[in-house]
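Colleague: Chains as they are written, first to last, in our numbering: chain A, 448 to 838; chain B, 448 to 838.
Hints were generated in silico from the structure; no laboratory data involved.
One or more of the hints may lead you astray.
The list makes no distinction among identical chains, and a pair is therefore deemed to hold if it is satisfied within one copy or across any two copies.
[Claimed, not checked] Calculated lysine-lysine pairs in the DSSO-like style (CA-CA distance at most 27 Å, straight line): (1) Lys601 with Lys838; (2) Lys463 with Lys626; (3) Lys838 with Lys458; (4) Lys727 with Lys590; (5) Lys523 with Lys765.
Given the structure is predicted, the values throughout are model-derived calculations rather than measurements.
There are 2 protein chains.
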Amino acid sequence: MNSKITTAELKLRHDKIRALMSANNIGAVLISTNTNIYYCAGRVFNGFVYIPAEGETLFFVRRPAGLTDKNVIYIKKPEQITEELSKLGITLPENVALELDRISFSDTQRLTKALSIEKPLNASPLISSARAVKTAVEIELIKEAGVHHCNSYKRIPSLFRKGMTDIELQTEIEYDLRKEGCLGLFRVAGESMESFMGHVITGDNADNPSPYDFAMGGAGMDESLPMGCNGSTIEEGSTVMIDMNGNFNGYMTDITRTYGLHLTDAHTLKAHQLSVDIHKALIRFIKPGVAAKDAYLLAQQMVEEAGETDYFMGHRQKAGFIGHGLGIEINEWPVLAPRSKHIFEEGNVIAIEPKFVIPGVGAAGIENTYVVTAEGLECITPLPEDIIELK
Amino acid sequence: MNSKITTAELKLRHDKIRALMSANNIGAVLISTNTNIYYCAGRVFNGFVYIPAEGETLFFVRRPAGLTDKNVIYIKKPEQITEELSKLGITLPENVALELDRISFSDTQRLTKALSIEKPLNASPLISSARAVKTAVEIELIKEAGVHHCNSYKRIPSLFRKGMTDIELQTEIEYDLRKEGCLGLFRVAGESMESFMGHVITGDNADNPSPYDFAMGGAGMDESLPMGCNGSTIEEGSTVMIDMNGNFNGYMTDITRTYGLHLTDAHTLKAHQLSVDIHKALIRFIKPGVAAKDAYLLAQQMVEEAGETDYFMGHRQKAGFIGHGLGIEINEWPVLAPRSKHIFEEGNVIAIEPKFVIPGVGAAGIENTYVVTAEGLECITPLPEDIIELK
Chain A
448 MNSKITTAEL KLRHDKIRAL MSANNIGAVL ISTNTNIYYC AGRVFNGFVY
498 IPAEGETLFF VRRPAGLTDK NVIYIKKPEQ ITEELSKLGI TLPENVALEL
548 DRISFSDTQR LTKALSIEKP LNASPLISSA RAVKTAVEIE LIKEAGVHHC
598 NSYKRIPSLF RKGMTDIELQ TEIEYDLRKE GCLGLFRVAG ESMESFMGHV
648 ITGDNADNPS PYDFAMGGAG MDESLPMGCN GSTIEEGSTV MIDMNGNFNG
698 YMTDITRTYG LHLTDAHTLK AHQLSVDIHK ALIRFIKPGV AAKDAYLLAQ
748 QMVEEAGETD YFMGHRQKAG FIGHGLGIEI NEWPVLAPRS KHIFEEGNVI
798 AIEPKFVIPG VGAAGIENTY VVTAEGLECI TPLPEDIIEL K
Chain B
448 MNSKITTAEL KLRHDKIRAL MSANNIGAVL ISTNTNIYYC AGRVFNGFVY
498 IPAEGETLFF VRRPAGLTDK NVIYIKKPEQ ITEELSKLGI TLPENVALEL
548 DRISFSDTQR LTKALSIEKP LNASPLISSA RAVKTAVEIE LIKEAGVHHC
598 NSYKRIPSLF RKGMTDIELQ TEIEYDLRKE GCLGLFRVAG ESMESFMGHV
648 ITGDNADNPS PYDFAMGGAG MDESLPMGCN GSTIEEGSTV MIDMNGNFNG
698 YMTDITRTYG LHLTDAHTLK AHQLSVDIHK ALIRFIKPGV AAKDAYLLAQ
748 QMVEEAGETD YFMGHRQKAG FIGHGLGIEI NEWPVLAPRS KHIFEEGNVI
798 AIEPKFVIPG VGAAGIENTY VVTAEGLECI TPLPEDIIEL K
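Take these sequences, add in the hints, and give me the full structure.
Modeller: So, in structure tokens, the structure goes:
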């Protein structure tokens, strides 16, 4: 179904899910959300991916018309799935799992009724686990996204003009990203999460709390989307933190860089260097088998020792994590948070973003995307890490 | 909580919901999705809006920090709601409704447990009904969005250069929309729905089916987002259909215009004129009390009489509607579809989009946004309706 994602690659992904199904005594999973369909089918369609513990993966498609791939079965409504399965001599097992963390209560009721499922199991954590450990092809796609994402970031200083507002600069960056091939859509998991194409925050707007569970806040341009730039002019002595969308091929990278206009504030420079140093320490620390929470605690300890706790991950409102997995969505597993139960595995792709908010100046720090390899972290967003001077 | 949406306006909205609660024997609704929170609070926050059948609306807020409005109660988790209510001497009624069409099965389970709700009722249809009939303030906001949306559409011909691809033109339009004040985010209801900033489709790409339930398709730039432009060059003799995002203030308008490069195909010109004529007929036909399905049937009849059924609302794959309500999201009630049960009411805001796909040429037709007034339809996206020549 996809030019880049072969049948063999899809089988690898299905087998990863099957291994987790077996460990959780699940007879079949039925997947219906766009991101998990994309993961399991290599393309988004409207319908269902059926993965049995034993037997072939089937694609029940409502739309688009015209897919001719093997194992594609057209249906108009989920009620037809049982019937189509029985035509193939397949009986739905008892222990079916649905994406209960994602699909609505009403859709769950409809599906369980249509498929006579007595009590659905939850497929969501299992698929999140599978997706957390990227395949070689996924890592290749993420690295490709990283190259384009970096290309665009390198041009940011050339987009700046004195007297610009945050939203003006953000609009120029969006335009540049799109011309570089960014798909625009910023996929984020969770009913309460949304973002257009990322955030540009300058000065004290960094200290405006937002409703969203991103690392930084910002008041936003409108109460309907209260996050990110708020129309502030980029002033001398302030920072501009830029954290913009890296979705170039269905997979994304995450990059933040901090920029400054005649920035001399010693506290801000110190906090920024601390962010860079935390990255260095975590590059040495994180490897397969290390607990994600210990990575958080190491960063926290460095911040405490430097006396910067009040400014770490926000000031008036704080984010509860310093990093996160990413891939198809910006917020995948593992999560680098104090109570995270995740253990790093080879193939995780994570963004690390220790950031600070300095009142009167703005946000400081950097974010890179790393692949967890057998040897440790491989940075796939290599760009200068100091505060970049805007002219 | 909002500069434009006053406490009196919010009360009006809550009272509309209360009237529907009363008709459905619902004791309280608990709202937790971003769009409905925005509707009920005038801003997005992370938390819950509690609307009892009798008594004051309460805002249980997790994030952002610092809201000081009346009736804001800070909580860390939903389990605290019962406790906070009892501090105010309020007992949760038995018949509580949650947004069951929107919130996940897992979140529903957590909420029902946290609040000891035996069997939650469904608040989703009720809030959709309330939202379908806009208040005067909402109509003002939508009209304001329409003015900006039209401003940007007027500049589209000036953005075109010969030899451009669809994605190049779309990128220029996005950039122009953002400079006009578009918020970017394109809110669409439904788990299977997503779009970046709308669609630009040219030539035979209009005939590529997409998984999404929009009026038109398009192959997209990537299998992860298979919709809209696919990198085709805009050729002489082809049409370009442009249907781009009109979210300027949390409320949006919807506009489609068709453009052509030396377009002479008689069939396409006829189909386009038929779309314009359907608009004219529906402007005369739709008024409060008319069934939405009858509007669909009238359009369908005109298309049949013109012999254009094969090309109506798609060719290889067809959309099942010719129009839809809109406001905070692009797909609200009422729906203009053959089995729609909606009856038009004063205050509905609808987009009408009879469109055609002509093989070898592309898509044709227009879309406007209308307010349903006591007298009939008021067009709030007045722009030239003929096919616009690109040079």
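Colleague: Now tell me, hint by hint, if it's right for this structure.
Modeller: Hint check results:
Proximity of Lys601 and Lys838 under a CA criterion of 27 Å is satisfied intra-copy only: 14 Å inside one chain copy versus 34 Å between copies. For the identical chains of this complex, Lys463 and Lys626 are neighbours neither inside a copy (36 Å) nor across copies (45 Å), given an alpha-carbon limit of 27 Å. With identical chains, the CA atoms of Lys838 and Lys458 are never at most 27 Å apart, being 51 Å at best within one copy and 49 Å at best between copies. For the identical chains of this complex, Lys727 and Lys590 are intra-copy neighbours only, at 20 Å inside a copy versus 52 Å across copies, given an alpha-carbon limit of 27 Å.
Taking CA atoms no more than 27 Å apart as the test, Lys523 paired with Lys765 passes between copies only; the shortest distance there is 13 Å, against 46 Å inside one copy.
Violated hints, listed in ascending order, are 2 and 3; each of the other numbered hints is respected by the structure.
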